[in-house]
Structure formats: C-alpha cells, structure tokens
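Participant: Each chain is listed here by its residues.
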Amino acid sequence: MSGIWLAVVGMLVFFLGYKYYSKFIAEKIYRLDPNYVTPAHRYKDGVDFVPTNKFVLWGHHFTSVAGAAPIVGPAIAVYWGWLPAVLWVLLGTVFAAGVHDFGTLVLSVRNKGQSVGTLASKLIGQKAKVLFLFIILLLVLMVNAVFAWVIAKLFISFPASVVSVFIQIPLAIWIGYSVYKKKGNMLLPSIVALAVMYLAAVVASYVPAMQIDLVKYFGGEGATSFFGLSATSMAFFAWIIVLMVYVYIASTLPVWKLLQPRDYINSHQLIVGLGLLYLGLLFTNPEITAPVTNASADTSWFPLLFITIACGAISGFHGLVSSGTSSKQLNNEADARFVGYLGSVGEGALALVAIIAVVTFFPTAEQFTATYSGFAAASGAGLGVFVQGAGQLAAGLGIPATVASTIVSVIVVSFAATTLDSSVRLMRYIISELGAEYKITPLTKMHVATTTAVVSSAALTLIPQGPRGFGSGGYLLWPLFGTSNQLLAGISLLLISIWLKRQGRNYLPTVIPMVFIMFMTLWAMISQVVTKWAPWAAESDWMLFTFGAIILVFTFWILVTAVAALRKGDQDQIQRSA
Amino acid sequence: MKKKPTLKRLIELYDEMLSLPHKQEVARELRDEDDLFLLLVYSDMLGIPNPAFYYTLELYPHIVEKFHDWHLRMGMEKSPLDGIRCC
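Chains A and B supply the protein sequences, listed in that same order. Counting in my numbering, the first sequence runs from 2 upward without gaps. Counting in my numbering, the second sequence runs from 1337 upward without gaps.
Hint data in this document are derived by calculation from the structure and do not stem from the laboratory. Please note: incorrect hints may appear among the correct ones.
Unchecked claim - Where chain A lies over chain B, by a calculated footprint (3+ residues, C-beta under 8 angstroms):
1. 1344-1358
2. 1362-1376
Unchecked claim - Chain B is nowhere near these chain A residues, computed Cβ spacing over 12 angstroms in every case:
3. H42
4. L283
5. A377
6. G385
7. T452
8. I464
9. M521
As the list claims (entries may be wrong) - Here are the simulated EDC-like cross-link-like pairs (lysine to aspartate or glutamate), alpha carbons at most 20 angstroms apart as the crow flies:
10. A/K55 to B/E1348
11. B/K1414 to A/D46
12. A/K45 to B/D1405
13. B/K1359 to A/E367
14. A/K184 to B/E1348
15. A/K113 to B/E1413
16. A/K184 to B/D1370
17. A/K183 to B/E1369
18. A/K184 to B/D1351
19. A/K183 to B/E1352
20. A/K113 to B/D1405
21. A/K45 to B/E1413
22. A/K45 to B/D1370
23. A/K55 to B/D1351
Nothing here was measured: the structure is a model prediction, and the numbers come from that model. Where is the CB? At the ideal position from N, CA and C, for every residue including glycine.
With the sequences and hints as input, model every part of the structure.
Facilitator: Written as structure tokens, this is what we have:
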C-alpha cells in the first residue's frame, strides 16, 4: 500500500473529527457562547490577557505544543506494526486529544483563565494542587532526561548536524538583541538565520572536518577511552554534560534573549519539516514495507502502545499550554473549538507523517523486522530510522539523501532543545514554588533551583544502562515519560468531567477517554513495575522501579481524592435539592 | 469589512503567529519597568524618602490611571494608598 493513502485516510478522519465531532462537543457538551466575555477581554492588560485573532492563536498554540515528542513515540510504536500506531494516533486525536485540549481551554476560559493546577485545587481540593505540582515536576524531569538523551543520540548518529544546531545559539541571541533593542521585525532575520543553519548543514554533510564526531575523537566505536568507558559512552557523557551546561545558562537568561528567538526560528523549522515530509511523500509515493501488525512481538502492544505514543494521540502537556497561555488570549469563546481541537489535529498530523516516514523507509519487511527485532531495539533505533526515513522522503524533492537526513536531524534536535530549555525553566519554577510551599528557602533561589533541576536531570539521563554502555539508556525512560504525560491528561479530563457534572451536563465524552487513558496508564505501569523493573523480576532496575512506583502512588492518590470530590459534589447537590 | 487574503496579509499573519510570545515578553519587561517607575514616583507615600517627591507629584494626573491598573493587577480591588483615591 502507498504511504499517500495512509495520509489521505488520516486527513479524512481528522477532517470528519473536526467537522462533526468537535461541533457536537462545542454545541452540546461545552456549550460555547459567542457572547461570553472571555478573560482576554475581562482582564485585558496588554501582556497576559490579550484578545487575539483565532488564526494567530491557533498558530501559536500549535507551535507551542508540537515538538519532538510526537515524532519519537510513533517511531518506536511502529514496532507493533503500522496499523495499531495509526489507529491510536487517529482515534486518540479525534476522541481524546481534541476533547482534552479543547476542554482545558474552555474550562480555563470559564474560570478566569486559570491554569489546570489552580483549577485542580479549586475543583478537587488544596491537596490536589501540591500533588499536581509533584506530577508536573516528575513529567518535566522525564522530559529533561529523555530529550537530553534524544539530542545526544542524534549528535552521535548524525555528527553533521552539530554545527548547525550550535550556530543557532549566537544567531538567536543576535535576533533577540536586535528585536528588543532596535524594535526590529523578527521575520527576515529569522529566515536569514534559518538559511545560515541549513547552509551549514549542507556544507557539514560533505566536509568531514565540520562534523563534530565525538565517538571518532574518543578513538572510534568499540575503543576504550577514559575511565574504562567505551568511546560511545564517553561521547554520550560528554554531550549530556555540554547540553546540561547549555541548558543551565539558557534557562536562567531572560526568555527574550535566547529562548524566544530560538522558538521563532524553530517555528519556521516546523513548517519546513511538515512541508518537506508531506510534499516529499506526494512526490516519492513510497510503499509501506513495514508489517501491518507484529504477531511475534516480545512485548505486548496492549496497553504499552497507549503510553508509547503520548504526544500525537493525547498529551497532558497540551492542557498546560491551553490553560496557561491560550485561554488568556482567546478573543471569543466560539474560537476555542478552532484553537484547541485543531491544535491537537496539527499534532496528530505530525505524528502521522512520522509513522509514514518510518514504515516506508525500509526496502523490505525483513529489513524492518531485523531493525525492529524487539521492543528495546525499536526504542533505541526508532528515532534514527525516522531521521533517515524523513530524509528519504525529502530526497524526493531533489535534495540529496545525506543532506536531507542532516537537515531533518537538525530539525528534530532543535525541537528537542527547545523542549529541554522550556522544561528545565518550568522545573526551576516548580522547585521554587514547592520550596515556598514547604518553606525551604534556599530552593526558592534561582540558581539553587536551576542547579537542582539540571543535576537531577543529568543524573537521570546518565544512570540507565543501554546496549551502547553508560549514558545510552535514556530511551528506557520513554514509557515513564509517556505515563506521567498521560496521567496528567487523565487528571485534566477528570477536572473537565467534574466541571461538566457540576454544570449538570453530559460528561460522557470526557469521562470515557479519561477512564480509558487512566486504565491503560495504570495497567501499563503496574505490569512494567511489577513484572519488569521490580527487584524480583528478570530485568530488575531500581531507578525505574522507584520512579514507576512513585507515579503509581500519585495516580491512586489523586484518583481517590478526585472520587471523594465527585461524591462530595453529589452530596452537595442532594443537600441543595432537599 | 473582511481583508482580502493577499500574500502580504498571509506573511503578516504568519509573523503574528510566531511573534506572539515574544511581543508578550517584551510587553512584560516594559510593564515591569513602568512598575519600577511608579514605585520611584510614589516612594514617599510608602515611607521611602524621595527628594524629588514634590516634582513627581506633578505626574499624578498622568499616572493615576496606570496606578489604578496596577493595584487591580496586584489583586487589590481598592487603592491601597490613602493619598490616592482612584476608585
């Protein structure tokens, strides 16, 4: 079957989902009111609360939520065959992610533009807020560790991409200064920056001297360098340290200096990436060579698939964006459908093309199966296969395959670096907030909080042991990242359901995906913790076991608290009606 | 009246989408600077001696609206200073 068909079917499902299901949700469930005065108008301050055109807000929302995560998850999940991955991305986007992103936006708009954390304390209780902070803390810790590993791995696999990625930093600082000090426009300088980066990628693809290949510098694959570590381990170690130093500086600088100009350049890259992939798909018309399903999988797809693909099907992180920024800028409540639902559709489209790039890459099904020989092998190789597969699609546009792969790896690294920057910054804020909550004054200081965030993230990235030695096992954390992300999504759906119930409305469209996602997350977590990572299991791993157990405890805790809040709501209603 | 979708308008829209958070951050920095200026102007009322208070008082009519926005933003429904009765 041609990959184009997969894209066509996917787009059709997304279209129908937006056209009919989101309309039903908007009219019958969330009951959007175009005359409702949104927080953007009510609290208009020109900074946080700004009424914004719906197309502009959608673009901003989409570029904020789309990143490397909807690429990494699907690239691993095709291990179970392309059909389960595609079905979960399509149905997850239409029935879960769309409803979740749209719902958190509406919930926040109806509650003064407050974030889901604050709403949790309002709807469930004060204890929930602290619990929520801990869950977000765990999520960002996983994000830091996983994305540091993603970047290190891509730098090692595609050394030609390193120069372009590092050139972006001074270019972004220059743009930040020129815009802030001279009030210039960002569009032209950022396009120039992008051109410089891609030029560097082209040159580095052909000139080995411009490829920063740390494995080679440490003696080549298989060689033993310092402290008895292999060259690959040393390369992982060195890149992770470099990244952590960078991220420390980036997350303590004012956002306009580096983070936002980088975001601006990366938004172009998102458009370039999506354009390259979808146009390349159209021109190359590749055949799907990966099997439809994998009957001989060493790890069952059920329920692990639902946490392996988090972003791209449903992601709790989106709720943070919906309720954190987008809700304060919504011009009209009726726009929430367009911004929230279509934002998640955009992310679904990215995940879909990531799947297509991977499943069309190999010439034969045997080669696919040889690379995706087991779940661990798939987790380690998935991202590299995506980069090469995407490079192959882009090559259909006349770009040489090596250059195309370098550019795609630059794009993925840039996304991952932006996520890393923002999430270390977020982690710093949360540590400070928890420090204030529990009166641990040193934690409220910026450098103490950042050091805590960076050191714990670096440790978490370096501890898991992968097949390529010390520092190469970051992908083992992926299911944990998926779990904490899905858990957050489940809690947000729960909050929306509680709100709908209190309004006396039908809450099934939010409660069904909530129960589904909570059940899958819990099941996946229990089976991983008890049968895989526990001290008595064959693949025992103390660190993964501890983190998994903490996440499990949090899940049960918040569920018990939420059920109590729901029952309390019922009793209040009974008392009121009596 | 709806604007005709031209290439220029499309580019403007694209730029607006991407520069939204940046503009927000610049606006926040400027607002912080304004808040600091407000503090300097009214520092005497807060017990911080300000030799230029007599002159800064002249700014009162120009700044009173900003002061009103400020105390609302800080979560105070009514003016916290006795000397300023903006609401």
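Participant: Quickly compare the C-alpha distance for A/K113 and B/D1405 to 20 angstroms and report which way the hint goes.
Facilitator: holds (17 angstroms)
Participant: What's the verdict on A/K45 and B/E1413, does the C-alpha distance respect the 20 angstroms limit or exceed it?
Facilitator: holds (16 angstroms)
Participant: Since A/H42 was said not to touch the interface, does its Cβ keep a gap of more than 12 angstroms from each Cβ of chain B?
Facilitator: A/H42 clear of chain B: closest Cβ-Cβ about 15 angstroms, beyond 12 angstroms.
Participant: Would you check the hint for B/K1359 and A/E367, treating anything up to 20 angstroms between C-alpha atoms as holding?
Facilitator: The given pair, whose Cα atoms are some 52 angstroms apart, is violated under the 20 angstroms limit.
Participant: Between A/K184 and B/D1370, is the straight-line Cα distance small enough, at 20 angstroms or below?
Facilitator: holds (18 angstroms)
Participant: Compute the least Cβ-Cβ separation between A/I464 and chain B, then decide whether it is above 12 angstroms.
Facilitator: Check passes; 34 angstroms lies beyond 12 angstroms.
Participant: Per the coverage rule (Cβ-Cβ under 8 angstroms, at least three residues), is the stretch 1362-1376 of chain B covered by chain A?
Facilitator: That given contact holds, which follows from 5 residues of the stretch 1362-1376 of chain B lying within Cβ reach (below 8 angstroms) of chain A.
Participant: Quickly compare the C-alpha distance for B/K1414 and A/D46 to 20 angstroms and report which way the hint goes.
Facilitator: holds (17 angstroms)
Participant: With 12 angstroms as the threshold, tell me whether A/L283 passes as away from chain B on beta-carbon distances.
Facilitator: holds (22 angstroms)
Participant: So if I understand the rule, the pair passes when the alpha-carbon distance is 20 angstroms or less; does A/K45 with B/D1405 pass?
Facilitator: With Cα atoms ~10 angstroms apart, A/K45 and B/D1405 stay inside 20 angstroms; holds.
Participant: Say whether it holds or is violated: A/M521 keeps its Cβ farther than 12 angstroms from all Cβ of chain B.
Facilitator: holds (33 angstroms)
Participant: Given the proposed pairing of A/K55 with B/D1351, does the C-alpha separation stay at or below 20 angstroms?
Facilitator: holds (14 angstroms)
Violated hint for the displayed structure: number 13, the only one.
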